[in-house]
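Can you make the complete structure from the sequences, with help from the hints?
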Amino acid sequence: MAASIYQHAATAPISAFFILFLFQFLTGSYSATFTIVNKCSYTVWPGILSGAGTAPLSTTGFALQPGESNAVAVPAAWSGRLWGRTLCTQNTTTGKFTCVTGDCGSSTMECSGGGAAPPATLAEFTLNGAGGLDFFDVSLVDGYNLPMIIEPQGGSGGGNCSATGCVVDLNSACPTELKVMSSSNGGEESVACKSACEAFGDPSYCCSGAFGSPDTCKPSSYSQFFKSACPRAYSYAYDDGSSTFTCASSDYLITFCPSPSTSSIKSGNGKYPVAVQVSGSHRVDNNDVVFNMIIAISLLVGFWRFWQLN
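Numbering (mature numbering (1 follows the signal peptide of the UniProt record, and there is no 0)) for the sequence shown: -31 to -1, 1 to 279.
Treat the hints with care, since some could be wrong.
[Unchecked claim] Straight-line C-alpha distance at most 16 Å; calculated EDC-like pairs for lysine to aspartate or glutamate:
| no. | residue 1 | residue 2 |
| --- | --- | --- |
| 1 | LYS187 | ASP209 |
| 2 | LYS148 | ASP138 |
| 3 | LYS187 | ASP171 |
| 4 | LYS148 | GLU158 |
| 5 | LYS8 | GLU37 |
| 6 | LYS65 | GLU79 |
| 7 | LYS8 | ASP209 |
| 8 | LYS148 | GLU167 |
| 9 | LYS196 | ASP209 |
| 10 | LYS196 | ASP138 |
[Claimed, not checked] Derived DEER-like restraints, expressed as beta-carbon distance ranges:
| no. | residue 1 | residue 2 | range |
| --- | --- | --- | --- |
| 11 | THR58 | GLY82 | 20 to 26 Å |
| 12 | ALA99 | ALA42 | 20 to 26 Å |
| 13 | THR67 | SER125 | 38 to 44 Å |
| 14 | SER125 | PRO188 | 31 to 37 Å |
| 15 | ASP184 | SER(-1) | 35 to 41 Å |
Keep in mind that the hints were calculated from the coordinates and are not lab data.
The model shown is predicted, which means the values in this text are computed figures rather than measured ones.
For each residue, glycine too, the CB sits at the ideal point set by N, CA and C.
Laid out in structure tokens, this is it:
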């Protein structure tokens, strides 16, 4: 009896470690780190919004001075979006915090569940989604306010793990009818570029109503302006085929105002590779994760019963 107890005590730590490893392996349970870097010549205030049913992160908004970076821990199976706010000020009388572009309406530096007011360049993520892959993209569907790139770091090999984003400053080249003008810096200048949907509200631009499907909503001259400048970014709602990217178990480097010569934004032959193909919307569900979790729990219960009998 004493020997049996000793054997159990000696193997318990190993068994516990094995159970934890098995559970994490089968469920794809891992955490990621988003390292957010500001290479702009001006301050950027990143905002973060977690998707429905997803726990908020430790921060939902902060300031990055030129050259600064901040690492944010992200839990497994997180989904949400990240963007940069610009030209932000705090009212000295009321204390209200507002931004000319990307404002989230919270009146504070933390967005606390508020999303970006368009136009804004968006980084969108669904971590540990279908097939255990991360799905990510940079979207200009809600317009554009600053250059941004997403670069996977140290992925395990699943997916294509390619960089994506928009490295071009589109504000000056923006069509006049889409420009957002501001005099915040002393002179009138274009600080953001609206989508055609926001500017005109036409269902054919918004992919709504009778135009609410990939068959009826087609690229417009305005979305093609965004696409020609930023081939990997979403230019309109059904731009999935060249704009959604995947990677497995990766951390992510998100850079505002990256160098236009960033080599990782193109493939070796200088062409922009086709992104992962998804049907309809680029959103993914977690059915595969749930299935894997059921298998993991069943195996854990079986292993625990076997260990108890021995």
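We went through each hint and held it up to the structure:
1. With a CA separation close to 12 Å, the supplied pair LYS187 and ASP209 stays within the 16 Å bound.
2. The straight-line distance between the Cα atoms of LYS148 and ASP138 is roughly 13 Å, inside the 16 Å bound, and the hint therefore holds.
3. Annotation: proposed proximity of LYS187 to ASP171 holds, straight-line Cα distance about 13 Å (limit 16 Å).
4. For the given pair, LYS148 sits about 9 Å from GLU158 by alpha-carbon distance, which is consistent with the 16 Å threshold.
5. Proposed proximity of LYS8 and GLU37 is supported: the alpha carbons are some 8 Å apart, at most 16 Å.
6. As the CA atoms of LYS65 and GLU79 are separated by approximately 12 Å, the hinted pair is consistent with the 16 Å bound.
7. With a C-alpha separation of about 28 Å, the suggested pair LYS8 and ASP209 falls outside the 16 Å cut-off, and the hint is violated.
8. Taken as a hint, the LYS148 and GLU167 pair is honoured in the structure, with Cα atoms around 11 Å apart against an allowance of 16 Å.
9. With a CA separation close to 12 Å, the supplied pair LYS196 and ASP209 stays within the 16 Å bound.
10. Restraint check for LYS196 and ASP138: satisfied, since their Cα atoms lie roughly 13 Å apart, inside the 16 Å limit.
11. Between THR58 and GLY82 the beta carbon distance is about 22 Å. The supplied range of 20 to 26 Å therefore holds.
12. Between ALA99 and ALA42 the C-beta distance comes to about 23 Å, which sits within the given range of 20 to 26 Å.
13. A hinted range of 38 to 44 Å for the beta carbons of THR67 and SER125 is consistent with their spacing of about 41 Å.
14. Checked against the hint of 31 to 37 Å, the pair SER125 and PRO188 passes, with Cβ atoms roughly 34 Å apart.
15. Taken as a hint, the range 35 to 41 Å holds for the pair ASP184 and SER(-1), whose Cβ atoms sit roughly 39 Å apart.
Checked against the numbered hints given earlier, this structure breaks only hint 7.
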